[in-house]
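Numbering-wise, the working numbering puts 956 at position 80 of the sequence shown, and it's gapless, one number per residue.
Keep in mind that the hints were calculated from the coordinates and are not lab data. One or more hints might be untrue.
[To be verified] For lysine-lysine, the following DSSO-like pairs were computed, each having C-alpha atoms within a straight-line distance of at most 30 Å:
1. Lys-1074 with Lys-942
2. Lys-893 with Lys-1017
3. Lys-925 with Lys-942
4. Lys-1017 with Lys-1002
5. Lys-925 with Lys-938
6. Lys-938 with Lys-1047
7. Lys-993 with Lys-893
8. Lys-1047 with Lys-925
9. Lys-999 with Lys-1074
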Amino acid sequence: MKLIDNINHHCFIQPSKMQGGVNGVFAGSPIRAGIPVCEIKGDVFENEKELIESGRYDYTLKMGAKEKIAQYACFHIDLNVVIDCHPVFSENEIGMGAYVNDRFNWAARLHPEFQEKEKNILKQFKNEKSPTTLREVEIYKNWKNEMGWNLDYFPVTNSPRILLLSTRNIKAGEELFVDYGIGHWTPFIEGYKALQQKQTEEMKNQNENVPVLKPEDFKVV
């Protein structure tokens, strides 16, 4: 793996402020809104199935995911290919975008406060799922900025690269975040719920096997 970012805007990598001990990307100088900050590139696959079958992400099952999940993969909507920028397995150059975190992981998205805020913003859209008009897109972008994300994806036409563009002015030293999307976190959420259900059933079975004591069992002989 080679980390070479051709549009790196004075960014640097250091331990993230998020929990989990992961690395994150930080702005080395002030960044204006609406400009390329760093790039996502790496190994190109025809689809996610091909990437999963490569075995790169077998380890995610041990992390609690219900199914294998391509953690460092991005779909290029124009070329209809998947770009994988895994820092360990990628054979081609990767950009700084491989280290940009999501402001809200699967656990944070299960928090009632986050779900309530997301529910309220979706109510403002005609289909109550995603923005479909320019006005709705602007509302959604402002909401995401308020929630702590400050980058968004921009696929490069005719090139297997995705730029991460600033969605607002970013201060020097500020950590960079992009929304991976609920689809990325769903396998972890489903894995967590499945584990919860299993633990509930095991606890229920244990309670059913506990003998019920009667008053006469406490008589002194």
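Going down the list of hints, with the structure as the test:
As the CA atoms of Lys-1074 and Lys-942 are separated by approximately 13 Å, the hinted pair is consistent with the 30 Å bound. About 23 Å separates the Cα atoms of Lys-893 and Lys-1017, which keeps this hinted pair within 30 Å; it holds. At most 30 Å may separate the alpha-carbon atoms for a hinted pair to count; Lys-925 and Lys-942 meet this at roughly 16 Å. Distance check on the hinted pair: Lys-1017 and Lys-1002 sit about 16 Å apart at the alpha-carbon level, within 30 Å; holds.
With a C-alpha separation of about 19 Å, the suggested pairing of Lys-925 with Lys-938 holds against the 30 Å cut-off. Distance check on the hinted pair: Lys-938 and Lys-1047 sit about 37 Å apart at the alpha-carbon level, beyond 30 Å; violated. Using a Cα cut-off of 30 Å, the hinted pair Lys-993 and Lys-893 holds, with the two alpha carbons roughly 22 Å apart. Between Lys-1047 and Lys-925, the direct Cα distance comes to roughly 39 Å. Violation of the 30 Å bound is thereby established for this hinted pair.
About 34 Å separates the Cα atoms of Lys-999 and Lys-1074, which puts this hinted pair outside 30 Å; it is violated.
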